[in-house]
Amino acid sequence: MVTGAGFPAILADHCRRWAGAHDPCNATVSPEAMQKHILILLLLCLARPATAMEINGVRLPCSLEVDGHRLVLNGAGIRSKYLLDIYIGALYLAQPGRDGSAIARADAPMLMRMHFLFDGIPPDRLSRGWMRGLKKRAPRAGPDLEEAMRRFCGLFTVRVRKNDVYDVAWLPGRGMEVSFNGRLLATIDNLALKQTLFAIWLGNRPGDADLKKALLRCYPCVARPMAMSGK
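Numbering of the sequence shown is given in our numbering, commencing with residue 47 and proceeding in unit increments.
Don't take every hint at face value.
[Stated by the list, open to error] Have a look at the derived ranges for each label pair, beta carbon to beta carbon:
(1) Thr97 / Arg263: 15 to 21 Å
(2) Gly103 / Ala255: 23 to 29 Å
(3) Ser109 / Asn227: 18 to 24 Å
The hints are simulated quantities; they were obtained by calculation from the structure and are not laboratory data. Glycine included, C-beta positions come from ideal geometry on N, C-alpha and C.
Given only the sequences and the hints, what does the whole structure look like? Please build it.
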């Protein structure tokens, strides 16, 4: 397979070799040679792997490097509420997976990206929404989990604008890293919090069943645009 980085060099080398073998000043290019040349170029183009996929104009990288872990896009979809598209959710895993509950429970590297589509969500609404979702999935949380939940919900302190991005990454041995537009907000070392939070997206009672289905598609990352709606 031709990698994205090596493709331009391979293509240029092929063109140089073909041009040297078929100097228009000294030789006549046969139709067969021209067809072979075109076929090789087409195969090289098709072999170039996608580096990102696109949903509703938002580009999502096919893979991410997080603390030395290479995570690949497992699936992506739109979180909707009251007929409004709130954010694009993208799940990145070290290994593809379709069992949502197992992924939520796993102590394994992963990242959930939320690329917001809705403009102007107040921070208190986000904070209250997350707390409701967490308590619904952990109604008998102990003091450690309760404190971790409060700390997580307290990270939402700014009004979210369109194209703002929250990343929630779980890194074994380090904890849950929460970032906003590429800036690390906090690291919370509590596996129960990670399991409860990811259950909102992937558990048996997800906040959005359509989003859960999209996150677990395990489709190969494609470069073509995808028009989707959570409505």
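Results of checking the hints against the structure:
| no. | hint | in the structure |
| --- | --- | --- |
| 1 | Thr97 / Arg263: 15 to 21 Å | holds (19 Å) |
| 2 | Gly103 / Ala255: 23 to 29 Å | holds (24 Å) |
| 3 | Ser109 / Asn227: 18 to 24 Å | holds (20 Å) |
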